[in-house]
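J.: Below, each chain spelled out in residue letters.
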Amino acid sequence: MGYLGGAFSRSERRLIVLAALVLLPVFFMPVLPIWQMKLWAPQYREGLTLTIYTNTIQGDLDKINTLNHYVGMKAITPNDFAEFTYLPQALTAFGICALLAAFFNRRWLAILGWVAFTGFAVVMFTDYARWLYDYGHNLDPRAAITLKAFTPPFIGYAKMANFKVLSLPGLGTILLGIAWSLGPLIFWLERRTAPRDASS
Amino acid sequence: MKGKISIIIAAAVLLGVAAQFSGCAGSKQSAADKVYVKPGEYDTYYAFLSGGHSGGVFVYGMPSCRYITTIPVFTPEPAKGYGIDEESKAMLKGFSWGDAHHPGLSETDGDYDGRWLFINDMPNARIARIDLKDFTTREIFGPIPNLSAAHASPYPSPNTEYVFAASRFSMPVPTTKLAKIEDYAKDFNGIIAGVKVDPEGHMSLGFEILTPPFDWDKMDCGKAVSHGWAFFSCYNSEMAHDLLEANASQNEMDFVAAVDWRAAQKAVDDGLADQIGGAPVLDPRKVPGIIYLIPAPKSPHGVDVNPSGEYICANGKLQAEVSVFSFAKMTEAIAAKSFDGDKGGIPVLKFDEVLEAKIPVGLGPLHTVFDDKGYAYTSLFLDSQVAKWKVGAPWDVTDKIDVYYSIGHLTASEGDTRHPTGEYLVALDKLSKDRYLPVGPSHPEGAQLIDIRGEKMELLYDFPTYPEPHYGQLIRAEKLKPLKIYSLAENKNPWMIGTAEEARVERKGRRVDVYMLAVRTHFTPDNIQVSHGDSVYFHVTNLEQDQDITHGFGITFSSLDMQVEPGETKTIAWYAAKPGIQPFYCSNFCSALHQEMQGYVQVNPRGTPVASVQRPDAATVEEVAAILRR
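As given, the protein sequences belong to chains A and B, one line each in that order. To convert, count from 1 in the first sequence and add 15; that's my numbering. To convert, count from 1 in the second sequence and add 761; that's my numbering.
Check the hints yourself; a few may be wrong.
Said to hold, decoys possible - Some chain A residues judged to face chain B by a derived CB distance under 8 Å, without partners named:
hint, residue
1, Thr81
2, Tyr85
3, Gly87
Unchecked claim - With a cut-off of at most 16 Å between alpha-carbon atoms, the simulated EDC-like pairs for lysine to aspartate or glutamate come out as follows:
hint, chain 1, residue 1, chain 2, residue 2
4, B, Lys1161, B, Asp1212
5, B, Lys1194, B, Glu1219
6, A, Lys78, B, Asp1309
7, B, Lys1047, B, Asp1035
8, B, Lys1240, B, Asp870
9, A, Lys89, B, Asp1287
10, A, Lys89, B, Glu1384
11, A, Lys89, A, Asp155
12, B, Lys1240, B, Asp874
13, B, Lys1245, A, Glu61
14, B, Lys1151, B, Asp1133
15, B, Lys1242, B, Asp874
To be verified - Have a look at the derived ranges for each label pair, beta carbon to beta carbon:
hint, chain 1, residue 1, chain 2, residue 2, range
16, A, Asp142, B, Ala1334, 50 to 56 Å
17, A, Tyr150, B, Ile829, 36 to 42 Å
18, B, Arg1265, A, His152, 31 to 37 Å
19, A, Pro184, B, Leu1220, 57 to 63 Å
20, B, Leu1143, A, Ala56, 53 to 59 Å
21, B, Lys1194, A, Ala56, 44 to 50 Å
I should point out that these hints are in silico values taken from the structure, not numbers from a laboratory. For glycine and all other residues, C-beta sits at the position ideal for the given N, C-alpha and C.
Just chain A, with the same shape it has in the complex (with noise of 0.2 Å):
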């Protein structure tokens, strides 16, 4: 069976599980956030944000959208995004598999997770990106104000027009780095103890 087809010692067991309690607060419903952004402009000193959860946005949509139909960009409302309706799905899924890899002690179904959740997260990643893309990008020709084509920033800081805006992941996606590194850290855990156990 070689590697694919071993077990995990007990510590390493123990990793996967918490990888899976990782996930917890994640994708039980809006706990905690995956990504935030903050909007500042001269008469917004106080910002405005927008919160992104797995299965929803919140934060001050109703102002946003206003001051965004100026420049014809389209109304963020959650019901437009598939993604809330699996997103916390696939996050409890993973974390399932997480859970019955340690369970069972199966290599193959943590590294087929792990392997899985990867991917997911950056065809996420990709899906985000693209999203930003296409509301700073897919503006209303009949909009009061024209404005260059623009795409909101993935990460960091930027200027767009009056508004200085930050984007940054929310504790939720930090957590699920967490657990997603986790993934290589037992593997080198591995690495470290294998030749111990074959001179024992």
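Since chain A is already given, all that's left is putting chain B on it; use the hints.
T.: Same frame as chain A, but now just chain B:
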């Protein structure tokens, strides 16, 4: 060597002296520092100054003395569309003028609670209630029956159980009764009214007391030990009906009336009142135990109760003294029935038995307010000064300060409550003359901010006010928590619409209702068909939920304009007087495309068929709905 040392010593002494001076300067803030509020920061007090004959209330921030806003009350005010939209217009009952005199903050346990501000319209005997959640007039009670000119008003009682009104001009009662002016003393009467305030702030008439035709002038409520009583000063106990200037200034003693308002209410509840002019009126000749008269020298003006409620201070006006009466002595004399006859059935107490002290404050004492350290501050109209004096032995005047000029009222920080804060005092002057840049013969009024924290009063600032503040109220800013917007979710107005799909024009006979929404930067619907002779009701809902995005709605070639705040629905009624095109627009600059926020009414000649329901076309609805998607 010796010389050098002495020079060093001298230099050291000089430095020491200089350090003393700079030390002084450091510890004592300049007046400029004390009134300076950094850009973007808030004042620590709200000041509500009555607008007098301009009919509203001015709001200032203290100590910066920055004018913040005007609350229209008794007078239509286009800046806020007040008295022009249907709801506020109905509240004014056809009046377009009022003389707003005495703002009175609602109280709980004798201290400001920040819920409401009451203010009287003297000539028309009305009392208004301003809600401090939105700084908007929400109720106008009156004209109060039988009562002409409510000057001694409203002065809320310590738990805002009552506001009061007493007649400055006596009249035949009821006021519809015909009488001759020369029969004034016989056929005219004064009225003291107690107006009940319910827990929601709504006012209703509790009782009226019939008095001889004195001119009731000022009042204050008892507090703490004197809770349950209200005190009213009067002039013209001579009962003159002409040349009052002289004829009403002859008696050495006029009166302060002490009203036991709980006893008065009980008498009404026990059915002892006569129904006159639609009001329950108590006649002291038939109903004893509700009102007493304390003789007070020479047409007293303000009558003010100190924070502990023990002393009633009558400001002499034509006498250079404040007469301080003891509430304890008054109740003793009443219990002992130690009276000196009666006036119109009202027992008269003996001056010497009730008097506690006489304070020689200066010329023309009008009003007194208090601090937290046991001092009183009396305005001196003729001396153009404020006198500070000790409440209690040795009852002496400890300081005086000049004001500019001819001070009427003065107001101290929470200075008419049980717990004054003793920080600031605002002098409200009747004349400003040469104090500000000249603007022609019509002068602004003057006001001075005075620091009363120290032993000596200190003038901090001098600022003009628009005519004409009488009394004011100074309340700690943190006691008020005004709304920033109205919540659309809580908008219960029957004419409210929330979506583009609901925007429409409905016609029933000659009445047309326009259900309109306003949001940056359009009205929907914005093209409206009506017929000549239609009464058109524009019901405009401002769908914004963003702070300070007010939309106005003004109609050209009309006197109609209203202001609709975020989340609010307001109605304006417009008569289509002639065929043609009539533009309307947003009159409150709202955004970059404010100029484009406009529309047209097409008034068709009579007989032109007009659809009974008009809706904007589907494409417009969709476009607007797309913006509003929530």
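J.: Please go over all the hints and tell whether each is borne out by the structure.
T.: Verification of the hints:
no.: 1; hint: Thr81; result: 5 Å, holds
no.: 2; hint: Tyr85; result: 6 Å, holds
no.: 3; hint: Gly87; result: 10 Å, violated
no.: 4; hint: Lys1161/B / Asp1212/B; result: 13 Å, holds
no.: 5; hint: Lys1194/B / Glu1219/B; result: 22 Å, violated
no.: 6; hint: Lys78/A / Asp1309/B; result: 12 Å, holds
no.: 7; hint: Lys1047/B / Asp1035/B; result: 10 Å, holds
no.: 8; hint: Lys1240/B / Asp870/B; result: 15 Å, holds
no.: 9; hint: Lys89/A / Asp1287/B; result: 23 Å, violated
no.: 10; hint: Lys89/A / Glu1384/B; result: 11 Å, holds
no.: 11; hint: Lys89/A / Asp155/A; result: 8 Å, holds
no.: 12; hint: Lys1240/B / Asp874/B; result: 7 Å, holds
no.: 13; hint: Lys1245/B / Glu61/A; result: 14 Å, holds
no.: 14; hint: Lys1151/B / Asp1133/B; result: 12 Å, holds
no.: 15; hint: Lys1242/B / Asp874/B; result: 11 Å, holds
no.: 16; hint: Asp142/A / Ala1334/B: 50 to 56 Å; result: 53 Å, holds
no.: 17; hint: Tyr150/A / Ile829/B: 36 to 42 Å; result: 40 Å, holds
no.: 18; hint: Arg1265/B / His152/A: 31 to 37 Å; result: 36 Å, holds
no.: 19; hint: Pro184/A / Leu1220/B: 57 to 63 Å; result: 58 Å, holds
no.: 20; hint: Leu1143/B / Ala56/A: 53 to 59 Å; result: 56 Å, holds
no.: 21; hint: Lys1194/B / Ala56/A: 44 to 50 Å; result: 47 Å, holds
Hint violations for this structure: numbers 3, 5 and 9, all remaining hints satisfied.
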